[in-house]
Amino acid sequence: MSFAVQALTRSLNVFHLAGSACNNCDIEILDALTPRYDLERFGIVLVGSIRHADVLLLSGVFNKKSAIRLQHLYEQAPKPVVVVAIGACACAGCMFRESYNWYGKISDYIPIDAYVPGCPPKPEAMIAAVAKLIAKLRGS
Amino acid sequence: MGKRTIIPIGPYHALQEEPEFFKLYVEGETVVGLDIELGYNHRGIEKLSESKTYEQTVFLVERICGICSTSHPIACVQAVEDAGGVEVPERALYIRSLIGELERVHSHMLWLGLAGHFLGFNTVWMWVWRYREELLNIMELVTGNRNHYAMMKPGGVRRDIKDEDIPTIRKTLDGLHGPLELFRDAVSDDPIIHARLKGVGVLTPEQIVDYGALGPTARASGVDIDVRRDHPHAAYGLVDWNVVTATHGDVFDKAVVRIGEMFESMKIIEQCLAKLKSSPGPVDSNPKEIPPGEGIGHYEAPRGEVFHYIRSDGSNRPARHKVRAPSFMNVLTDREAVLGATVADATIILAAVDPCYCCTERMAARDVATGERVLTSRELIRLSQAKTEQLKKELGAEGPRLNLEAM
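Same order as they appear, the protein sequences are chains W and B. Oh and the first sequence: position 81 is 87 in the working numbering, straight run, nothing missing. Oh and the second sequence: position 181 is 259 in the working numbering, straight run, nothing missing.
Honestly, the hints are just simulated from the structure, not real lab data. Among the clues, some could well be false.
As the list claims (entries may be wrong) - Here are the computed lysine-lysine pairs in the DSS-like style, where the Cα-Cα straight-line distance is at most 25 angstroms:
id, chain 1, residue 1, chain 2, residue 2
1, W, Lys111, W, Lys128
2, B, Lys240, B, Lys353
3, B, Lys249, B, Lys353
4, B, Lys471, W, Lys111
5, W, Lys111, B, Lys470
6, B, Lys471, B, Lys130
7, W, Lys138, W, Lys85
8, W, Lys70, B, Lys345
9, W, Lys111, B, Lys345
10, W, Lys85, W, Lys142
11, B, Lys249, B, Lys130
12, B, Lys130, B, Lys470
13, B, Lys353, W, Lys70
14, B, Lys465, W, Lys111
15, W, Lys70, B, Lys355
16, B, Lys240, B, Lys345
17, W, Lys70, B, Lys101
18, W, Lys142, W, Lys128
19, W, Lys128, B, Lys249
20, W, Lys70, B, Lys470
21, W, Lys111, B, Lys125
22, W, Lys85, W, Lys128
23, B, Lys345, B, Lys366
24, W, Lys70, B, Lys125
25, B, Lys470, B, Lys125
26, W, Lys128, B, Lys240
27, B, Lys471, W, Lys70
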């Protein structure tokens, strides 16, 4: 395991990026930080800039306007970066994949490391995803 | 006149949950102009709705917004019921109001927490959201999901509230009264909150009327409108409650109105729970057909009036579905409220209307200042046609094509 990947298995800096989301996954992500779930006790914090991010959380479908921004932001992220798709929309497009404004599957233009399905996924599911990711990184 | 600088906020900014782009024009510390660019959240819901049956449409409009995820469905099913002349059983009306008010309390608590966060008062955020979890527990118990409740359907509600669940709901709500009073006193007592919020982002009643602002934004400025009272729907005509208003129109009064509304909502919930016992019966009238016609549905969402229009052509799908969300009206008042404020106050002023961009992005926008085109309705139709063409090609089907030039 390279030093950079090893560093990723420690305290994670998370950048959260809502596409054309309905807001619910985003609120559940914030919920995971508040006292009931309290992700911060594991050293997981939200950061304000993509340049500080270890993990990129994507929520919502990405439309023709926001998908361009997503690609820019992904390019700006320091590598290696772990990309997690939160919710049914980010995973597969949900019911919006028939929309004229749907840009396409996210995995077609940026690589995704983990999918958390659900509408919205419960905070427990997000925590489980992060735990599994860390275990996977440690094993690699 | 000092040097004019532009501070871009967004589209992906640490302060925002949703993608939206504010350009703050500042001279020194003073905000002298504001541009809002939308379009990051447009998903084509009105067009998608035409491809869904009336029952499926409810699930679609629920996903317009995750926070008012029962306001849009209520307005939508009321529009369908209005178009089809469908009767709704009384028990279903009480359940609709009950779910709607639970949502209002959780939404206002969410706002209160985020307002604390924007002020740099993170304790309030953590503290309020801890108690918000109790409401989400009730939602999970009653509907099976923490958010996106899927409770509404044309003709009634999808699930009944079981009698054995009512004591648990009551107990949880009783436990919430104490914390709510604590928040009310904390906001009205704390000198720092007074200093940060009083006289900040003032909107006059005239500005509210000019911009057509709705909900707590309007009521905080003394404009007494509430569609729950003015056009009673669901069970709002059957229970006793008051519209909360304030007079100053600043951010502080917006907080006061929202906190007052939480207490009123608790009152409505209590009464609905009591009435559920005395009104047994079905919760769904199972409408089979929606005849050709038009219908409208209103609902007072936590942010203001949601309006849905549905035109039926007699098939099982809406021929036209129009949505107007309250944030669409409220966000525009930002311009009036933020001018002359300092940069430090700008965040809380922009957040004071409780903006919801996923609700707002229903139509095409054009940035007048730069002439930069975002998307026009014609282009949306063209995009839609391109998608249809692609689908046709995939499916090998042929059909009539809309002549855009003739329109």
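Hints numbered earlier in the text: which of these fail when held up against the supplied structure? 8, 9, 11, 13, 15, 22, 23
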